[in-house]
Amino acid sequence: MSEKKPDTPETPATSPGGALKEAESRLHYALRQLSQASWVITVLAIVVALVVGAVLILATNPQVQATAGYFFARPGDFFLTSFEVIRDAYSALFRGAVYDWQAATGQRSIRPITETLVNAVPLILAGLGIAIGFRSGMLNIGGQGQMILGATFGAFIGYAFSLPLGAHLLLALLGGVLGGAIWGGIAGVLKAKTGANEVIVTIMLNNIALYLLAWLLRQQWFVQTGSNQPITAPVDESARLFGLLGSGFRLHAGIFIAIAATVFVWWLLERSTLGFEFRAIGENPEAARTAGINVPKATALVLIIGGALCGLGGAAHLLGTEYRLAAGIAGTLGFDAITVALLGRSRPLGTFLAGLLFGGLRAGGVLMQTQTGTPVDIVLVLQSVIVLLIAAPPLVRAIFFLPNPDGSPRRKRRRRSKNGEAGSDGQRELAESRGGSAAGANTREVTS
Amino acid sequence: MRPFNPKAVFSLAAVGVLALSACGEAPDDEPEDDDAGEAAEEVDYTACVVSDDGGWNDQSFNQSAYAGLQSAVDDFGIDHNEAESNSEAEFGPNVDSMVQAGCDITFGVGFLLAEAISEAALENTDTTFALIDEWVPEEPENAKPLVFNTAEAAYLAGYVAAAVSETGTVGTWGGLQIPSVTVFMDGFADGVDRYNDDNDADVELVGWDKDAQDGSFSGSFSDQTAGATLTEQLLAQDADIIMPVAGASGLGAGPALEEAGGMMIWVDSDGYESTEYGDIILTSVLKEISQAVYDTIEEGINDSFSSEPYVGDLENEGVGLAPFHDFEDEVPDEVKDTIEELTEEIVSGETTVESENSP
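Top to bottom, those sequences are chains Y and U. For the working numbering, count along the first sequence from 1 and bump the result up by 75. For the working numbering, count along the second sequence from 1 and bump the result up by 467.
None of these hints come from the bench; they were simulated from the model. Note that CB positions come from ideal geometry on N, CA and C, so glycine has one too. Incorrect hints may have been included.
[To be verified] Quick list of simulated restraints, FRET-style, between CB atoms:
1) U:H792 <-> Y:V456: 36 to 46 Å
2) Y:D452 <-> U:Q704: 39 to 49 Å
3) U:Q680 <-> Y:G270: 38 to 48 Å
4) U:E812 <-> Y:Q295: 31 to 41 Å
5) U:E606 <-> Y:R149: 50 to 60 Å
[As the list claims (entries may be wrong)] To give a feel for the contact side, a few chain U residues facing chain Y, derived at Cβ under 10 Å:
6) V517
7) D519
8) D520
9) S554
10) E557
11) P560
12) N561
13) E590
14) D593
15) P646
16) S647
17) Y777
Extracted from the complex, chain U is given alone in its bound form (with noise of 0.2 Å):
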């Protein structure tokens, strides 16, 4: 056995991706200079955000706030740094890092971030600090929590599933038991309850029981076989239309619903055109995290900065119903009516979506 000669191999993989790939001509004009945030800085702010561990790829929050600070960087040219965290371990020392690092403003997405927020907020009161889906532990006042009541969105939404089903029969399941997931089920499920009450009708919710807070979830934001699993569970058990609360973990569900004709209800952003099941995507049940987060921007680089909290609501659009897309004609006229009043009701506070996993 004589070992390989390294060198042979190296020259002849250097060879071939040079070969493949470098031919192409020379910029004119100088090279830009490569230190990295190097960007035409037209205003002098920093803006910079710490994901928890699901990463900028997690469909949800992090996905979103990533998406609401680029836009940002975009519009108003100001530098940015990110951080993504792969254990809880590191949250704080990339807190920290940002703050070393000169940022105007640090994100901390999800409420595993709330401690070391806080934490750096009391620490460095000369820069500020916004915590998505969370209240700010001790509520510093460079500190503003960005919050969201999708309970009232969802509540639409499981109305709309509770008209349109077929069967007399719902779902929904989640990634993990945590308050921003439940948030959605408990709304859902109160969504249905009106139904039921205003139509005299017995249309069935499976996969979550608001009263005992307990229910189906795949224990996990990524796994997409543990959503197709308990997306097959919930079809035997009859439901047509089921909303998964649970970032890519959901995509599991899209499969699942094709082969067996349902219908789902994507969250968090509009997945008829975020995901490739636009087809089967009845509606979405918006959170806007990403506009929250280019908001709190925008009034940082404008000296208006506050630590009041965001609480995203049907009111201010923080939340909403997505349109109905390609189920525009299926959903009947008296539903989009009645869900127009349900907003006003919600909105002018004669009807209050009640959770006690709201923020």
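Chain Y with its partners taken away, still in its complex shape (with noise of 0.2 Å):
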């Protein structure tokens, strides 16, 4: 943004070129649309998503396939076996993340409900990390780094230092936060001072997150194991976070820390001055600054809090479930933290319950894939499919025939270039990605 030219606060002079201004435009136009879909259409993308799940699983299923192979001679076998496959699969899936009425035992029964929100408790956090970058127009792609950098930092302090039983838990996980603050903070300031574009640093930060860890997990000062493994020691007894129902359970007390982080985000975004601040400069930063708000402080705390809570979701990952930490640690969780907060629509409310239903799609696959032998990536498939379906709600309402809450979009952009501010505003914002930003800042000292 050109700060010596108040009075042309367009694309600046030295913009790369307009095809990127135009894509970044283009991106926030769809998260504003993102965030404005109805709860309807998340369901009714859910409801798409099981089909299209329960397509392919047929398609995969052998027995299926050789039914199929005779239809005509007699479509009931095939039909009777779509049905108990599909109906075998989608029970498994929710018996592993709801309640399992085949357990062995009552306490076995209820355990799936707590891994679901095992599960889900690093999805939320890193969800509304993500979130809150959307909120304020900044598409952080980096909560993998962020998360490693987090649970690295979380891990080395759970089991290099000796402390006492509530501050060790406490520090290490003040070492996430501040792992991920660091990570998204690189991003942040490089955004607010060079005008970087964050999608390219934090995918970028994402690789250099993993190799740094690859190289740590081959030092010995670092994993403390004794053995070339690239593995580190567990972490400390009083480090982890507790559990909460006893053995034979994994929930521990991240659960709370997602809730509060859940609430505290609910605070920052719609409470407090910074947060205001926050969705102001994803509204509109020129406005933004002309009112006075000081935006690239905003833009590096946006991503600094961001990535502050990915570390945090890392941490807690890691010293709530796995101990160990291992190159592998973040898995996906850093890019599914992304389809959550989508899903989600960025809100901190909508993000907790879209990390529980991600959380509860991971845990019931791996009853679904060992019980019934359907492949666990369906549950992939069932995730990008919700999401995809969330993205463009046009869709989802011509396979259900919605009629558009708006009318229909063609009649909507006549109605607006009658209006003859709002006509010339957006010609001129087109002129000026299009043809350059020379030529932009022209036609609006010209109008103007």
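Put the two chains together into one complex, using the hints given.
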């Protein structure tokens, strides 16, 4: 953003090109669209995803394939088998995620819902971190790297120091927050100071984090195990997130951290001055600057706080369930967190619920795989289709013949172009992004 | 812009699929019961296997372990369960879910599952476990480690490579720098050294420095492009025989070597049979994971399971050197004789192949 000429707040003259800007404004438009889609669309998207998943389960199931081979000779077989396969797969998914009525013991029956909560903890925390970025108009793709750093800091503090009970855990968690904040902060400060695109910077930082961890895991001073395997010593008991339900359950205090973080993010975004600034720069950075908001500072803080939450998610994952740090500690959590934030519409409560849903899908996928032989990848398909459909509400409406709540998009556009002010604004924006920045700035000076 | 008519699209697709595939004859006999795991139950035994995040098609230990389980299922008619892990967070839940599914033995594949197997074994003392490629922490009495001293077989491969090399330079590279990979590279390095000592030669090894424990790694067990790039780098350093220790990533070495006219040494399975690059594969360093899995299941069925570690070496043929196949005539007879002598030396303990990465 050009700070020398405050009267031309549009695309800076040093911008590398209009294409990137245009892509960014499209992304922002898509994000706004996402946050406005209704709950009905979400539910319908989940339904469609289950149907798509069912088709894939059927298509890959050998018994169904066999009966489809003689479909015209005896169609009943095909439908009966299909029904049973789908029923078994989805009931296993449910039993693995919520309540297992076929389990041997009562304790085992209620264990699935606790597993769902366990899986949800890192997803919720990191999802909240990503959501803060989305609300502020920033695409933080670096959840993965921020979680790795958080888990690394948390783990090292967890096994390398011995401290009294409460203090050790607290320090390890704070280490996780710090690790994530540093990693997010690098992207934030670069964007604030130099205008670097946060998407590119955070993606690159993901790789740097991965290789940094791979290097650390080969250093004996770091792993402290005396073996050559790239896995660290387990964190001390005093640094672990304590279990809530005793042996046989993995549910740990991290769920309280996730709830607290959800409330905190709600307060931050909806009730605090800082959160107002975040949302303002997300809506319109130029207007925010005019209103006296320090845009670079707020930009950096968005990514620092987002990174801190992701780091906390990584630390909670490690201190709560994994205990040992290895190269794959973050799995795909950092990327799943992005879909959680999208599904949650970047709202704290929505992100919390989306985290629970995805946590449940992960927990259920394990049982579905072992008991029915359905590939666990189906869960990935479900997650992806849900998010895909959420991002395209018109598609969902078309599938279910729902009316468009805003009226047809074409009419809307015409109405807008009648409004002279808005129309010329839109055209000017387009001209700027297409024709390059200098021409854009000229247009603006002429019209104003 | 009219939205497409989903009904039309779906029915068109459905008709197409049916027309293509649905005209077969119905089977005469009753269709099979479609409950999963309904095999002819000759033996009441369930063997289960949990992969690490490589998955069953990794051209490496997951695939070998799975093959061992499959042949046991075919031969003994036992039940089986399998779970593929997509991330490290799934190891624990997957192993636990196997225990819940009533498995008599659960195999964990790879050192990353060590903790999960050890924990499950300590908690469920009435069932048995086995871990591939790593010792079980805390050594529970119902968990058996299956480890392989592949350095011994790689030593032989190193000797052969040094003897056959025309440029006087051989190479090796790995997937990730973990002991189960570098143990191959250590043995290979020592084999080359042995050739140099015995024949007063000066064959050089590129890609791995045993003393510094440092070398070339593709960073992945699946990325073939990275494998090809590394191979080209070693070829540029004049190597003509290369041993990639990287699962499917090692396949990337094939085209690069074909083009340069070099030879490859495959690992884990006999690459002459398992890959499409048989005509450039000099030999393979075998690691009989399938056999070990099979034997362990057989022991379990016969009630003779023991937690005593299985260490595959040249003596029990848990590791070994594959036949030379197409290169049978090009490997000089004296080299073949020496290989046999070396094998005897290693088996008798006269020569020990030392590697800090050995199990």
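Task: Residue hint S554 (chain U), partner chain Y, criterion CB-CB below 10 Å - done: Status holds, d = 3 Å.
Open item on the list: Quick check on E590 (chain U) please, does its C-beta sit within 10 Å of some C-beta on chain Y?
Closed with: 8 Å, holds
Task: Distance restraint hint 36 to 46 Å, applied to the beta-carbon atoms of H792 (chain U) and V456 (chain Y) - done: 42 Å, holds
Open item on the list: Please check whether P646 (chain U) passes as an interface residue: C-beta within 10 Å of a C-beta belonging to chain Y.
Closed with: OK, holds: P646 (chain U) within 10 Å of chain Y, min 5 Å.
Open item on the list: Just to be sure I understand the hint, the distance between the Cβ atoms of D452 (chain Y) and Q704 (chain U) should be within 39 to 49 Å; is that true here?
Closed with: This hint holds: roughly 40 Å between Cβ atoms.
- [ ] With chain Y as the partner, please determine if D593 (chain U) meets the hint condition of a C-beta pair closer than 10 Å.
- [x] 13 Å, violated
Open item on the list: Given a cut of 10 Å on the nearest C-beta pair, is the interface hint for P560 (chain U) held or broken against chain Y?
Closed with: 5 Å, holds
Open item on the list: Assuming the hint says 50 to 60 Å, is it satisfied by the Cβ distance from E606 (chain U) to R149 (chain Y) or not?
Closed with: Holds, at about 56 Å.
Open item on the list: A closest beta-carbon separation below 10 Å is what the hint needs, so does D519 (chain U) meet it against chain Y?
Closed with: 9 Å, holds
Task: Given hint Y777 (chain U) near chain Y, where the shortest CB pair must fall under 10 Å - done: 19 Å, violated
- [ ] Double-check E557 (chain U) for me: the hint is only fine if its C-beta lies closer than 10 Å to a C-beta in chain Y.
- [x] 6 Å, holds
Open item on the list: So, as I understand it, the hint says S647 (chain U) touches chain Y; can you test that by seeing if any CB pair is closer than 10 Å?
Closed with: Where the cut-off is 10 Å and the nearest Cβ of chain Y is about 9 Å from S647 (chain U), the hint holds.
The earlier numbered hints that this structure contradicts are 14 and 17.
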